[in-house]
Amino acid sequence: MERLRSRQNLPNLIGALLVALLVGYVVVSGWRDVQGQSWSSIITLDTVRNTLVQGLTIGSIYAIAASGLVVTYTTSGIFNFAQGAMGMFCAYVYWTLKVDWGVQPLLAMLIAVLVFAPLFGALVERVLMRRLADAPLVAKLVVTIGLMVALMGLAVTIWDPTVSRAIPTFFGTDGFNIGQTYVPWFRFITIVTGIVLAVVIRIVLYRTRLGVAMRAVVDHRELAALNGARPGRTSAFAWALGTSMAALAGIFLAEELSNLSVETLTLFIVNAFAAAIIGRLKSLPWTYVGGILIGISIAFQANFLTWKAQWGDASFVIPTVILFVALLFVPQARIEGRQTTSKVTPRVPTMRRAWAGMAILFGFMLINAAYWDRIGIRNLTLVVLYALLMLSLVPLTGWSGQISLAQITFAGVGAFAMYKVASSSDGWGIIPGANGAVWGLVVAGVLAVPFGLLIALPAVRLQGLYLALATMAFALMAEQLFFEQEQVFGTGGKRVAPIRLFGFGLNEPFKLLGISFAEDAAMLIFVTGLFCIMGMGVVALRRSAYGRRLIAMRDSPAASATLGLNLFGTKLGVFALSAAIAGVAGAVNGAYLGSASTPDFQMLKGLPILLLAVVGGVSIVSGVVFGGFALQSFAWLVTLFPASSYPTLNKWLVYWSRIGPGLAGIGIGRNPDGAVVEIGAAVRGERKKPGAKPGASAPDGPDGPDGPEPEPSGERPTLTVAGGGD
Amino acid sequence: MRRFRWVAVFAAAAMMTAVTAGTAVAQSSGGAKEALTASDVGISPTEIRIGVIADTGSSLAPGLFQGSVDGVQAWAKYMNEKEGGLAGRKIVVDAYDSGLNPNLTRNAIIEACGKDFAIVGTSALFMNNIDDLVACKDIKGAATGLPDYPFTTTEVLHQCSPVSFPINPSTLDCTTKDQKPQTYRGPLGATSYYLKKFGKGSLHGLFAYPSDLKSAKNSQVPAFTGQQQAGIKQDATFDISARAPQSEYTPLVQSIKDNQSTYARHGGNDAQNIALMKEAKLQGVNTVKVWDCSLQCYTKNVLNAPETEGLYVWTNFVPFEEAKTNKMAQSFVKYTGDKADGYSAQTWAAGVALRDVINNVVESGGNNGVTRAAVLKESANLHDFDADGMIGVRDMGARVPTSCYALLQVKSGKFVRVFPKKAGTFDCNDKNVYNLKLDLS
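These protein sequence lines are chains R and H, in that order. Numbering follows the numbering used here, in which position 459 of the first sequence is assigned residue number 459; successive positions increment by one, without gaps. Numbering follows the numbering used here, in which position 156 of the second sequence is assigned residue number 156; successive positions increment by one, without gaps.
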């Protein structure tokens, strides 16, 4: 174990060193150009006071939002990605009350924060979160991400986004001076509220019977109930409290915006994740400190740093860097995932059955390639491309239980490689004249591997939620600091040449056996073929010893390590594999679109990929095909029924496209194993009855050398190994 | 995802030049007696289909460019009702949602290529690949291209596309796009007016860049540099995100206070300008003589914020309050109703540009001479365009921005004309433009 621990400390230190070097370099190169002024003329009492007031205001908003996150996590074990969206929704309700209906400001605030928000939070807990108590972590994450997407869609449906809305501040512009620095009352209220809440909630959680019960429920629900706690009620109270805090943060933030924006209000709180991690998801005082630290850092850079063009976006990633560093330095003992295995165990298909499935998929796409016009073909191509990217999650998330929000980043690296290696413009010129060369895909896969390994370094010690957050931070940093560089995608993106195979451009029309295929049909056929080959590779891998090792590592890292499994190497391996698949998907995507740019590979764009992969079934290949269809269907349906011909239907489909992905994600709460697994189990009559032991539906054993293999399942012992994960 | 915040920036950054309403002779029924035929894709004996591609339905920024669609639809209705359609045919508008998505954008181009004669008012931020626009085939199968009269052009590829004639030509001189440095020429707005009114050397201050998107910042760099060369001294520059809450404007305001700045300009949208002015008011700033903003601040949002009192706003179209002074502006306001905004005004004007081009083609070749090839050829001759006086004159054919502006100021919750004094007019002095070399590649 000592060996394991020291082995895992090394990448940790390397990661810390890299981040420190990066931050140091960026800060030094960004120090404000003083044009001959002395430092003392820049760092004055005024600028310091301004920095503090600005930092404390923003920091307090982060602290309040993060405290809400901590409260719900501490008491329900669910990290609420939708915290910002819930705060946003409450801020809009507050606007409706105060501005639209003319309710007195304080009363409107009380209604929004103390009536609507708690009811909303309790409802979310009762309807969605309670059923997730025993769900796998990925299902918990996906449900909250789904809730976030659904609330954003619902908000723009209720409150017309083209109408401008502003919330007047408390006490208008009144305030007081500290020296030369003016502090308006509304900011003073924000700062004081942050401090008071941190103290009060701490007292509630640790000094009251209700608070103790809330924490007991998450530790062991049944045991807490046996001791007189009422798990349902305490959990609902926690969500009510957390949502009230989200509402407060949302309203305070809304006061600072000259126009309410669904996107800004929702995503602003993502920055608060770092504060929650600094508080190790349990300490409210440290969470408060974390929030203030982020706020002060942002204020510091705004007051004292000027970012050179190359690092123009560095200011955006300050909270992300803090999050990443915080995750690196959270003591190992605190990093303990609470994972639960699947309720229904997916069968591992025989190779024969897998080949048959792929043949059906290929045949289906071939027929469609001949039938559809170019638009239909392009939509179907996107279905397969999404499925290909989701395929990268199968070994990583589906089998080894590592949650990654950075797949879109690996895809971006792949697209970059395709542009550099196999596009005539501005390439590296490795092989002149290799425009559209299909081997560019191989390079893309290979180039993505180091990135996968880079993120795998923290993965060695991080588990579950912490790993998900680390990958999210990695994706955000890559988006702002890597992709935006002029040498990568730059300002307007780069052109990626269409793939050519044996001299034939896959975007060109062709005739085969007298059948005319439209432009891009060859690309659809090629992408489907590629998916089938890679999908078969994934199935074969699952049936191999390596596949079983991944499952074993997921089910019990501690037991696997005890039996001699090299966790370090296994994790690195699966991240490398996953990154390679995602890299290839990104490269094909670039060739399909004909371009690659930063917005194509933003972290947020990757969320629906994870969401729908899990909805379909992230542990099986057919699940990601389902996910690909589901994801593309939302946009496709809207274009299939244009407003000019179907005004009413189109209107409803637009609403559906906004809310549907979120609802699908929320639905995972009912079927954590994904739609395909559930459907398969239902068809086979293996649907688990309520109360049955997890894994009860698993087949008994292999039915021959090529037969279905039972997936190891059942309750995992809750062993904790320092340095070894859970 | 932050890209969609910057629409107004692009709209504002690319104001243009040029001329006359002379070509706007209503010729649409000039060849009414000849039997109308399907002369090209999107044209039937009775209809001419026009597409509008805009980011409207993205869940991240729903309704972002709805104004562009509203403008084109209103223009088509006006044309059908008042000018007898185009080339003797009724205009039918196909709206495509590009959804802030490169795939949807390309699909929209492909679909419009096969269905519409031309596209007007394009407002898609992810026009990363224009292959299908440039190589779009006509009715004879020749790759003539799809005539495009866009409103927003964020990418150099699109700005300099051979088949695109932006209503707001880019400040980049397309002939220098591959050089280092490139040449930029564009509007200085009301700079000359400010310097004349407040005195040369009296204006110095803050220039704030929208920093979310590099192309947005780059679009402001030439304008700000040009203003500084013209005589407004720079005290400080800041980059600030569209998502920044008001408190993040404190350092900007502190800089104004420290330098006793007399000038402030934020290249971001109306909400960002409001946030800056709110924070300045909060911090008691009273030295600024000119709060400067281009047409992205010509919004109701600005009027509803009391802190914007005194803000100067310059536009390149006839302010809606003065619509009575110009027939086309009057029609625009009538047909768009409460949907009238900066976006719809300019996409309407783009529609008028197409009308002028088609009328010229009809004049020489009759109603059945209207083909994509003929229209593209004629578009290159659209040098002095002002949408019948509704917008400042510009050279769309050569893609040169306008030098015209009308200066307004926010007074008691209204936009009040400041310069030129006469309603419905613009100042089109050649000194209103900068011309400089910069390397922004």
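There could be a bad hint or two in this list.
Claimed, not checked - Per label pair, the in silico range of CB-to-CB distance:
id, chain 1, residue 1, chain 2, residue 2, range
1, H, 114, R, 104, 54 to 60 angstroms
2, H, 420, R, 45, 44 to 50 angstroms
3, R, 21, H, 309, 29 to 35 angstroms
For the record, the hints were derived by calculation from the structure and aren't laboratory data. Source: prediction; values computed, not measured. Beta carbons are placed, not taken as given, at the ideal position from N, Cα and C, and that holds for glycine.
**Item:** Indices of hints not satisfied (ascending)
**Value:** Number 3 only.
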